[in-house]
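K.L.:
Read off the chains here:
There are 2 protein chains.
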Amino acid sequence: MMLDGSAVVVRHALSTDLPAMVALLANDRLGALREMPTPAGMGSYLAAFESIDKDPAHQLLVCEHAGEVVAMAQLSFIPGLSRGGSWRAQIEAVRTRADYRGRGLGREFIWWAIGQARTRGCSLVQLTTDKSRTEAHRFYAQFGFTASHEGLKLLLD
Amino acid sequence: MMLDGSAVVVRHALSTDLPAMVALLANDRLGALREMPTPAGMGSYLAAFESIDKDPAHQLLVCEHAGEVVAMAQLSFIPGLSRGGSWRAQIEAVRTRADYRGRGLGREFIWWAIGQARTRGCSLVQLTTDKSRTEAHRFYAQFGFTASHEGLKLLLD
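Protein chains in written order, with the numbering used here: chain A, 84 to 240; chain B, 84 to 240.
Keep in mind the hints are simulated off the structure, nothing from the lab. It is possible that some hints are incorrect.
Simulated crosslink set (PhoX-like; lysine-lysine; CA at most 25 Å straight-line) [claimed, not checked]: (1) Lys214/B with Lys236/A; (2) Lys214/A with Lys214/B; (3) Lys236/B with Lys214/A; (4) Lys137/A with Lys214/B; (5) Lys214/A with Lys137/B.
Just chain A, same shape as in the assembly (with noise of 0.2 Å):
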């Protein structure tokens, strides 16, 4: 797609990504809580950056407008036994800057998301999404995701 005259790119995240992958995960409202986007903290991203690069069951993507990483997201492929032995396709992480917000980015992302879960053969795509992300519920339904299930978290300390 194009925007203001220049094409949005979505591309495999590089390690030179990370700090500005880190800041749009920082500035997010529950990111901001969680986050530490500081130079003492890159260590553990880098770390975590080449677990999730190294595997080819785990992609990270960005969006590339005009020479920068305006929005992110992670696809996961998880085996699993159950619906005839089918594989499923996880999204996480899904980001976009403040100022590319309502621009059609995110959009971008989740069909590619779900092209590439058809071409890994797929029987579904998940996500889970913070109750109090009110508007992200609006954004899936369009693809026609249904909020079928209950999302559990159990904080570990």
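Given the coordinates of chain A, work out where chain B should sit on it, guided by the hints.
P.N.:
Chain B in isolation, oriented as in the chain A frame:
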């Protein structure tokens, strides 16, 4: 734990447990609609078993009692950038044979899964449960899980 005088053992699943596991998946109000517990269907379950079994990011577990597989669960470990670059543990496909429900096997599994998640340094444990499984919500609340998220699913053709 002991049940009727003999031990309940949580262990990793073997390929020879597959027929019992597929029967557990199929013998379920929702699973009855989407599983294929027939000889012709076993090939895809075996392929799925092998994908899970060969990847240390996944653990397929069974509860054995008196020589029979009476419950199952899958545990997956997923790396992520969010929450300071932390891993999360995800529980899928928890099923208990009808005659063993309400006898503490599920509790055994979930404590086991939470222990594994701590050992691997995960920051959270997550799962989704169909909104129609109201008894499951009460079950998970006892471990401290909160229904903070919507669980969105998109079935692919």
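K.L.:
Which of the listed hints are not met by the structure?
P.N.:
Structure breaks hints 4 and 5.
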